[in-house]
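Undergrad: Using the sequences plus the hints, can you model the full thing?
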Amino acid sequence: MLRFALLLTVIMALGLPASAQQARQMLNGMRSEKGLGQVQPSPRLEKAAMAHAMDMSRNGFFSHKGSDGSQVMTRVRRTGYGPCVVAENIAHGQRSLTEVMAAWANSKGHRRNMLNKRVTEYGLVKAPGNYWVMVLATSGC
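Taking mature numbering (1 follows the signal peptide of the UniProt record, and there is no 0), I'd label the letters of the sequence shown as residues -20 to -1, 1 to 121.
Keep in mind that the hints were calculated from the coordinates and are not lab data. All the given hints hold, so there is nothing to weed out.
For lysine-lysine, the following DSSO-like pairs were computed, each having C-alpha atoms within a straight-line distance of at most 27 Å:
(1) K97 <-> K14
(2) K106 <-> K45
(3) K27 <-> K45
(4) K27 <-> K88
(5) K27 <-> K97
(6) K106 <-> K27
(7) K88 <-> K45
TA: This is how it looks when you write it as structure tokens:
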């Protein structure tokens, strides 16, 4: 946690823009501190995350349940991804990657999702109105 906190502090102090590389470094930094394997970005998980983030943004709600009643497992399967493990973090209002990652890192449930030893891939997106969704999963166990 110390290295993750240090990375967040440096990024915030420098005012660096968020990037996919930074997201991967932050997430894998947290995992590394706990002796966990790295996770890789997945276009299909990103697609599932974006579908939900845009749904919340367009329809003005904040929930793990989609406006069509869907849960994360259904949304991930719709992309053609065959998950055996899936978790979802959502956030609303944070303006930067650093802010949302810090919020999730300081939330027991969200942190547990990011440190799940069974996940191997993730998708992370931000939709208009500062709706954030991270989907973490493993396919075909």
